[in-house]
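Using the hints provided, position chain Z relative to the given structure of chain D.
Protein chains: 2
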Amino acid sequence: MKNINHLSIIDSKFNVDYSNGEIKGKNVINAKKYLKDLPNIFGDEEAFSKIDEDALIYEVQAILPVDEGLEGGLFYGKTIVHPGKVGDEYYMTKGHFHQKIGRAEFYWGIDGEGMLLLMDQDRNTWAEKMIPGSLHYIDGFIAHRTVNTGVKPLSFGACWPSDAGHNYQEIMDNGFSARLEEVHGKPKLIAS
Amino acid sequence: MKNINHLSIIDSKFNVDYSNGEIKGKNVINAKKYLKDLPNIFGDEEAFSKIDEDALIYEVQAILPVDEGLEGGLFYGKTIVHPGKVGDEYYMTKGHFHQKIGRAEFYWGIDGEGMLLLMDQDRNTWAEKMIPGSLHYIDGFIAHRTVNTGVKPLSFGACWPSDAGHNYQEIMDNGFSARLEEVHGKPKLIAS
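Heads up: the protein sequence lines correspond to chains D and Z, in order. Going by the working numbering, the first residue of the first sequence is number 1, and it counts up by one from there. Going by the working numbering, the first residue of the second sequence is number 1001, and it counts up by one from there.
If we strip away everything but chain D, and leave its shape as in the complex, we get (with noise of 0.2 angstroms):
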């Protein structure tokens, strides 16, 4: 079958900021979610009730080139995590497992500075620090959440298959086994 651009050169679909990990081009996802999409996710009830509901804590790009559930395919994404605590615990993602267990994910930092929380099926939980070029491979079978730890925007790339999926709802009913809370003013992991 004939293709039109046969022998063609064309610019390619989407661009990258590395400053900031900024994604351009068609049909690029945007994001956002305030602390009013985020319940049962920070500890401190009473401090969450006092922060503005509409108050940004992540945003989110992220490229589809395929339907989301197709064997085979990638995704690519940008997070951005602003800095913040709900009490002593940081600002976060939701955080998930994959809905098809076992299927990966590379994270890379890209600016600020934070945590990549890691929980396996057994509940331990750990944190991997996330810095300017620190790429982080997260194995299929392990929740992840990332956490701002700095005080300017953390921004984080992404890169996993396209039937992954996300399972949200195991983190949303159990949590993970820890929480990254501000300590002395050093981020620690507390078992909760």
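Treat the hints as calculated values from the structure; they're not laboratory data. Where hints are given, some of them may not hold.
[Unchecked claim] DSSO-like cross-link-like pairs, simulated, lysine-lysine; straight-line CA separation at most 27 angstroms: (1) Lys13(D) - Lys1013(Z); (2) Lys1013(Z) - Lys94(D); (3) Lys129(D) - Lys1100(Z); (4) Lys1100(Z) - Lys13(D).
Below, chain Z alone, put in the same frame as chain D:
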């Protein structure tokens, strides 16, 4: 099962230098391809025979956190294609379809200038320009090869599924259906 890392904060296992794409960390694979490793790739056999067979054409780094062939894992890599030509044809990589057809890949330009040659299963060939920040989705059914059309090293990053594999043989036997050559000082795809 208790995990030794429970509640600990650790460094990322890998780091990337975004200025040139270099990956640092344990068990990073490094491979170099010299002209002598690339027989039957370039069109001009006479020009090929006149270049030092030890000329370095490209270098690859890769992180393989799981076994090759495992479903659901991901690999991450960086390639540098050095500048140069064999006759009028620019230095380039071998090129391949994935062994497991349907497995996609992302490439992103880091430094230098070049082209991503793409060929579908009907042997239509086209090229996407690679520049710092260009982001390329390579559908799982498309052969791919990279070409340095500039004067300094072309470096780019990649992420692909751990069960994609490489089918180099199809390209070794039948090539792409077009070659990227310098014509009047500019890259042009010439049907071959």
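Kindly indicate which numbered hints from before are broken by the structure, ordering the numbers from low to high. 1 and 3
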